[in-house]
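Participant: If you want the building blocks of each chain, they are given just below.
2 protein chains.
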Amino acid sequence: MHVVSDRQSPRATALEMAGRQREISVSEFFLKNRHLLGFDTPAKALVTAVKEAVDNALDACEEAGILPDISVQVSDRYGKSRVIVEDNGPGIVESQIARIFGKLLYGSKFHKLSQSRGQQGMGISAAGMYGQLTIGKPLHIISRIKGDKLASEMYVSIDTARNQPDIHKKKRLKWDRPHGTRVEMEMEGHYQKGAHSIEVYLKQTAIANPHLAIIYKDPHGEELRFARTTRKLPPRPVEIKPHPYGIELGRLIQMLSNSKSRTLLRFLEDEFSRVGKKTALNIIELARQHSDRKLSNRSYPKHIAHAQATALHKAIQKTRILAPRTDCIVPIGEKQLLDGLHKELEADFFTVTTRPAAAYRGNPFQVEVAIAYGRPGGAGVEVDESGHMRKKEAQETRASEHLIAQKDEPVHLLRFANRVPLLYQQASCAITKAVIQTNWRGYGLHQPKGALPIAPMAVLVHVASVWVPYTSESKEAIEPYPEILREIKLGLQECARKLAHYLHHEQQLHQEYDRRTYIEKYLPHIGVALQDILALSNNERDSTLKKLDDVLHESRTMQRPAP
Amino acid sequence: MHVVSDRQSPRATALEMAGRQREISVSEFFLKNRHLLGFDTPAKALVTAVKEAVDNALDACEEAGILPDISVQVSDRYGKSRVIVEDNGPGIVESQIARIFGKLLYGSKFHKLSQSRGQQGMGISAAGMYGQLTIGKPLHIISRIKGDKLASEMYVSIDTARNQPDIHKKKRLKWDRPHGTRVEMEMEGHYQKGAHSIEVYLKQTAIANPHLAIIYKDPHGEELRFARTTRKLPPRPVEIKPHPYGIELGRLIQMLSNSKSRTLLRFLEDEFSRVGKKTALNIIELARQHSDRKLSNRSYPKHIAHAQATALHKAIQKTRILAPRTDCIVPIGEKQLLDGLHKELEADFFTVTTRPAAAYRGNPFQVEVAIAYGRPGGAGVEVDESGHMRKKEAQETRASEHLIAQKDEPVHLLRFANRVPLLYQQASCAITKAVIQTNWRGYGLHQPKGALPIAPMAVLVHVASVWVPYTSESKEAIEPYPEILREIKLGLQECARKLAHYLHHEQQLHQEYDRRTYIEKYLPHIGVALQDILALSNNERDSTLKKLDDVLHESRTMQRPAP
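In order, the protein sequence lines correspond to chains U and E. Okay, so the first sequence: first residue is 1 according to full-length UniProt numbering, each after it adds one. Okay, so the second sequence: first residue is 1 according to full-length UniProt numbering, each after it adds one.
No incorrect hints appear here.
One copy or two, either will do: identical chains are not told apart, so a pair holds if it fits within one copy or between any two.
Pairs of lysine to any residue, SDA-like flavour, derived with a Cα cap of 25 Å: (1) LYS80 <-> ALA359; (2) LYS169 <-> LYS302; (3) LYS260 <-> GLY136; (4) LYS32 <-> LYS314.
The hints are simulated quantities; they were obtained by calculation from the structure and are not laboratory data. Just so we're clear, the structure is a prediction, and the values are computed from it rather than from any experiment.
The whole structure should be built from the sequences, with the hints applied where relevant.
Facilitator: Structure, rendered in structure tokens:
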């Protein structure tokens, strides 16, 4: 069924082809590739838009040292959705509003090395661009900065051919908030429940951000509130300079030629993290040997040639330098993570671990892992204060059920990057690969080959970094760099060991319970038999049985490992 | 192990935050995210660089109507790789060279709706940027256009802060090629063999491009040649206008306000594919009813308000319009695909199908599927001309082995988009999902739940489109849009039906062979027994046996289905 006809367009010459070469605006590029930004289907677009607005609000509040109060409101009519996100952040200076909301690749977080949710300067303007494409309406923004008597209101869209904001209306108005920002967007959307819902995104956000309070009003007008569990803001991540080990030769050459330092010694001290005078001198001495003594402490950075830069680059790799600083990243913390998990989901067993900081390609990062095992209503056994065992009561099931797998299902993953839940593209994510590559059978779980383990369990992994390497601009999965995979696996193993211990104990309890029930059932018969053989009175029989029971109980209790 | 100290950076005000807002250059963005462009590891970077250069060479040759002769040369010393790709294409006009090789998002293929390998204007300049980052050397380009006495030579790098080319050296020189382009790049690379090698990329490229001749010299100096199997160039894809069904409301509004047409009627006829006067009148009449008669044939496009545009958009969806034109896409073709497969790999059974063209979001696309089943050396049975069966001889194994799975392995996928092989990110690709979602058990293959079928088989899928929705800028996997998934599945089913027929026949042949061997073994014993019972002479016995054998053979042949 080969249907190609013999049609032939005229063949082109080099000159004609040259005439068709054009610059492509970055907005046009992403408009045509909107799935790269998370706007491929109306359902996903709606969640992505909420996520981008909430992430921005959280970043702004934290940077300004404000405890975030965020309200999210979503309505949905015949596939036309409206999203309103309002925060109590510091507000945005009027002259910046249009570019922040109406230009891709514009922002404050890209050029600095410190942890934040946003990093590309694309998310919220992409949401605006999607709304503009599907419904044709601009973003509506109100923002007020502290001390300003009025707020600024603006309608902004993107001129996609130039990647520049278009301001449609602009005015100053009274607003009851002392400071904050409100963004309203209309777009083709589809509201849905389930694993990829706004609710799940917000619930997971609350777990990873215990200092956050959110009020969410869904399209049916129902209100869902997530209260904060701590009034303490996370420490603000410090901005760092690049670590010398992560610098490629070409980048080093570029840094040398852009440097304002007047000597090589100053250049190394000024532009890198962890390089003091002594380390700098060591590097230069080594580079000197590699470059026929054509380098010295006083070499002028801009004049260093390719061969000498190569020698310098080699010398850096061979010099001992302190590991990257880690105060540029802020893990959630074991206690906070446990509190968050306890608050949002019900399980029989929790464990959590925070790994020490590490680095990939010079970028510091840190991994946290938590495991929640056992669903409420599962067949647990517990020991009460008096040492008596009983079956746990089936507890009321909560919405959190979605987060923990059924016992015959693959475990559920809660993936986070810089405190932001990742809901899509699970298969391509470093976190998923690390869980699959961990040998869960060694810890007593069932695991099909090359797949997630099967257990009533949720595995939470948080990767915090100054630069998270996402697999696409929609920031839905983490690129599996070997260093990152390795750290996640180590964290998983730590948690899995504690889980194995718990499961072993659980199993013993279960066996014990069965044995005990068995004994309790047959003790009266033993009593009758003994009475018969030893000719005991009823009282003697009962007291003998009582002693027997106690002895059996004690011997078993002694054997049981401490919880 | 919560290690966060009580450090606190000073909190920022809205004004300070405004001062940090900056524009991010698209080159800086991709430099920091180079994994998005396929340059995450040195091994992958090397393959990606070759691929980008070869894809460009092929596009240029085809556009100029030239049968492509391409040479690829790779060397690799201590992690420093050099790639040289040379073509006999039309050459590049000197004034365009720097921007084509030294600027991201610059090209001729983005804005037109017709099939080509490149579409983003990023690949080759990204390779240059990666070389610049890791080794610090610019790209070296030589290009000569037909009729020009001399060639242009240039060394080009990217000024990443501005996304503009830097020209380091430029001169005119003699070059023995009458026309063509040669690009040389140095980069951190790692040469490797196997499924993700340059060889496999080139072999698959040869399968999908039977008009191409390549000479490849690998780092060990060995030469590999892929000859062309046809001297006929594929028909050149025609450039089309957008189809009205694929246009979102926001885009329609933008088109209206940018239009040079003076009436709505002309606008519809001029700017869309498949809209003649009659269809345009139908659309307008329907839109008129939806918009309180505020629209007419003569409405001035730039003055149409949001409400009327909405009515127009609705009317378009409700009007019957011819399906998109398909001469903008060029499938490989069933015969060419079979020839290519036969040439590059050895199998017992081949089948191929080309689906009719379809569209996703207004973008025409077309799917081709081929299956190659059975590895040389497998236990096949064949019938020779005289009707005798024999076991197939084990054939010499070829390099092609890599492309067909072992019989206890998941099938191998050969994925193509616009004639370009896709080597990475198999798990996220629409092709993989379609193969997994197909019920292969129904066609006689073994298939674990939710996984690829297990068989000695290669499945080739080619998706050709005016705009392939890749899952990232590195163009390694196709986004699983429902329309695309559906077409791939239909193609797979067609091929699978033919495969099932072949397998059924194969199975019968096998059973037959076993039965026949059995009969041949016992016929002499039957002869002896008959001779004994019926008191036959030796001659009578032999002729009876002969008759018996023929009758048995015939009756079996009758039952056997035609091949």
